[in-house]
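Q: Listed here are the chains, written in short residue letters.
Number of protein chains: 2
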Amino acid sequence: MIYTITLNPTIDRLLFLEGTLTKGKNNRLRKVAYDIGGKGHHGSYAMNQLGVKNRALGFSGTTNASKLEKILSEKGIHYDFVEVFGKPTRESYVILEENVGGSILITEKGFKITDYDTELLYEKIENKVQEEDMVLIAGSLPPGFELRELEDLLKQLKKIGCFIACDLSGEALKKAVEVGVDFIKPNRFEVQELFSSDDNFLDHIRELSKKIDYVIVSLGKDGSICAHADELQQVSTPNVKLVNDTGAGDCFVGTFLASLSLSKPLTECLSLASACAANHVQYNDSTTFNIKDARKLQKEVTVEKLG
Amino acid sequence: MIYTITLNPTIDRLLFLEGTLTKGKNNRLRKVAYDIGGKGHHGSYAMNQLGVKNRALGFSGTTNASKLEKILSEKGIHYDFVEVFGKPTRESYVILEENVGGSILITEKGFKITDYDTELLYEKIENKVQEEDMVLIAGSLPPGFELRELEDLLKQLKKIGCFIACDLSGEALKKAVEVGVDFIKPNRFEVQELFSSDDNFLDHIRELSKKIDYVIVSLGKDGSICAHADELQQVSTPNVKLVNDTGAGDCFVGTFLASLSLSKPLTECLSLASACAANHVQYNDSTTFNIKDARKLQKEVTVEKLG
Numbered sequence: 023m024i025y026t027i028t029l030n031p032t033i034d035r036l037l038f039l040e041g042t043l044t045k046g047k048n049n050r051l052r053k054v055a056y057d058i059g060g061k062g063h064h065g066s067y068a069m070n071q072l073g074v075k076n077r078a079l080g081f082s083g084t085t086n087a088s089k090l091e092k093i094l095s096e097k098g099i100h101y102d103f104v105e106v107f108g109k110p111t112r113e114s115y116v117i118l119e120e121n122v123g124g125s126i127l128i129t130e131k132g133f134k135i136t137d138y139d140t141e142l143l144y145e146k147i148e149n150k151v152q153e154e155d156m157v158l159i160a161g162s163l164p165p166g167f168e169l170r171e172l173e174d175l176l177k178q179l180k181k182i183g184c185f186i187a188c189d190l191s192g193e194a195l196k197k198a199v200e201v202g203v204d205f206i207k208p209n210r211f212e213v214q215e216l217f218s219s220d221d222n223f224l225d226h227i228r229e230l231s232k233k234i235d236y237v238i239v240s241l242g243k244d245g246s247i248c249a250h251a252d253e254l255q256q257v258s259t260p261n262v263k264l265v266n267d268t269g270a271g272d273c274f275v276g277t278f279l280a281s282l283s284l285s286k287p288l289t290e291c292l293s294l295a296s297a298c299a300a301n302h303v304q305y306n307d308s309t310t311f312n313i314k315d316a317r318k319l320q321k322e323v324t325v326e327k328l329g
Numbered sequence: 023m024i025y026t027i028t029l030n031p032t033i034d035r036l037l038f039l040e041g042t043l044t045k046g047k048n049n050r051l052r053k054v055a056y057d058i059g060g061k062g063h064h065g066s067y068a069m070n071q072l073g074v075k076n077r078a079l080g081f082s083g084t085t086n087a088s089k090l091e092k093i094l095s096e097k098g099i100h101y102d103f104v105e106v107f108g109k110p111t112r113e114s115y116v117i118l119e120e121n122v123g124g125s126i127l128i129t130e131k132g133f134k135i136t137d138y139d140t141e142l143l144y145e146k147i148e149n150k151v152q153e154e155d156m157v158l159i160a161g162s163l164p165p166g167f168e169l170r171e172l173e174d175l176l177k178q179l180k181k182i183g184c185f186i187a188c189d190l191s192g193e194a195l196k197k198a199v200e201v202g203v204d205f206i207k208p209n210r211f212e213v214q215e216l217f218s219s220d221d222n223f224l225d226h227i228r229e230l231s232k233k234i235d236y237v238i239v240s241l242g243k244d245g246s247i248c249a250h251a252d253e254l255q256q257v258s259t260p261n262v263k264l265v266n267d268t269g270a271g272d273c274f275v276g277t278f279l280a281s282l283s284l285s286k287p288l289t290e291c292l293s294l295a296s297a298c299a300a301n302h303v304q305y306n307d308s309t310t311f312n313i314k315d316a317r318k319l320q321k322e323v324t325v326e327k328l329g
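From first to last, the protein sequence lines stand for chains A and B.
Basically my numbering = 1-based index in the first sequence + 22.
Basically my numbering = 1-based index in the second sequence + 22.
Any copy will do: because identical chains look the same in the list, a pair fits if it lies in one copy or spans two.
Calculated cross-link-like contacts (lysine-lysine; reagent style DSS-like; alpha-carbon spacing at most 30 angstroms):
id	residue 1	residue 2
1	K131	K109
2	K47	K92
3	K45	K196
4	K45	K134
5	K197	K45
6	K134	K97
7	K134	K47
8	K47	K97
9	K197	K150
Bear in mind the hints are in silico, worked out from the structure with no lab data behind them.
Start from the sequences, fold in the hints, and give me the full structure.
A: Next comes the structure, spelled out in C-alpha cells:
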C-alpha cells in the first residue's frame, strides 16, 4: 500500500478570468471551479490513474469538511484524515488568464496544528503503515507542525522500515536529507540551498545520492536528472503547449512512485512520469492527465546516462 | 428613510499578500479577511457613519447566508433581502500587495435571478418605500435581472415618487438616464459613453443635468464635477496616501446622499463626501473611514463654481 501524507492540505479554487489580470480594473470571472490541492492529494490522484492503491492521510479542518470531501470523492481519492475541529482547510487561489499559459498561485497559510492533533496522526500511522509500504510526505508544513514534529514523523517511519518519499522544500527538505529518506525531488535551486559550497551541481546531486536512494532533480522544461545506484540519468520532457503548470511536479512524483511500487524498471518509471507531467500541463486544472495520451508522449521521452 | 438596493451583492475576500503578486511563484498570504461587497452595502455603511438611518435591500443567496449576515451585522448594516434559495452570494477577491498602494479586484458573476425573485423584490419595495424616501440603486445587474427588469424597477420607484439615486454603469446607466432619475455618478469615461457626439465634456454634463437633478462626475484624484440647478461645481480631493481605493466611489455616494437627506447645503454635502472618500482610501479594506478624521480633511476640500 502507498500512503500519501498531506500535512497542510488545501482546496484549490480555480478562478477563470475573462482576459488577463490587470490592476485598476474589475477583472471579471468566466467561472469558478474547485480542485484538490495539497501535493499529497495530487500524488494520490496520479497513483489512482495508474491503478495503484493508495490512501491519503494528513490533517483536515471540519468547518468546510464537506467541500474537501466532495472534491476528493469526485477524484476517487480514498482518505483517512485527522480531523481538526472548528478549523477550515485552507484554500489556494489559482488564477487562470484567458488564452495565457501558466497560472498565478496564491496560497493561505492554513490552520494551526496542536500537539494533540500531531499525536493523533502519529497514532494513525502506527496503526496503518507496514514495513512493505511506501509513504509520500508532500507539501508545506502547517503552523504548529514544525521541523521537530517532522523529524519525529520521519523517525517513526524509519523505525517502521517503509520506503519514505519526501516532496518537501526549504528547511523541511534539509531535515529529510539529514534524517535520511529514500526519495527526494528538489528543483535546481533547492539543491543549491542544501549545500554551503559552490561545487559543481552534478557533484551535489551525487553527494545527496550517497544517502538517498532516489534523488530526482526537476529542471522545468529541461526535464530532470535522476540519481540512483551510483548513476545519473538525464530525463527529457516532451514539448507540449503549456496551459496550467500547477501540480506538474506532483503528477511526476505520484506516477513515478506508483510505477516504482509496481517494480517497473527505473527508465520506464522516469519516462512515464515525465510524460504524465507533460500531458497534465495541457489541462487547465491542477490534477487531470490522461494516461493513454501520456503513454503516447512517453515515446518522445529520452532517458540518458550522464557522465 | 434611505434604502440602498444591491442587486448583485458580493462578499469581499481580502487577500493580504506577503510581497507583490508574481506569476510563477507561490504567492503566500499573510492573512485573509472578509468585508462587505456590493456598492449598495458600502453606501449603507457610509450612511451609518453619518448617523443616517437606512436599510439594505436586494438579493442574497442562502447557501452562504450566514457569512454575509455576519459581515453585515459586524458593520451595523440593517438589511431585508429577497433570499434566493440554494444559491451562494458571489465573492469578490481583493488582492492587496505588501507596501503597494491600490488593489487587484477579481469578481464572480453572481447567481441567476428568476422572474419569481424579481417579483418578490418589487413586492418588498411596494410595501416599504414611501414618497419621502430616498433610494440608491448601486452596482452591477446580476444574470437574469436585465435592463427590462431595471426599467420596471425605476418606473415603480418613479411612480412612488421617491428620490432615486443610481450608481450604475454601461447600459444600466444609460437606462437610468433614459427613464430619468434624481442622481447619477458616472466617471469621465462613462459620460462620454452616454453621448454619440464629440461635444465638449462640460456640455455633456450640462445636457445630463437638464434631466437629472444631481449629476456628479468622478475624476479620480482630480476630484469631481457636480451639476445641479443650472450650476457646475468643481470639487477637489485632498492629497492622501493611497492604500486601497476599492469602495472609494461608494463612500462618496453614501456620504453625499446621507448629507443631502439631512438637508445640508450642497457645498457641504460635496466637500464632506470628497473628504470621506479620501480618508477611506488610506485604509486597507473596502469600507472603513473615520468621520472625525474626514471632517478635518474636509477643510482642505475646495468647491468652486465652474464657467
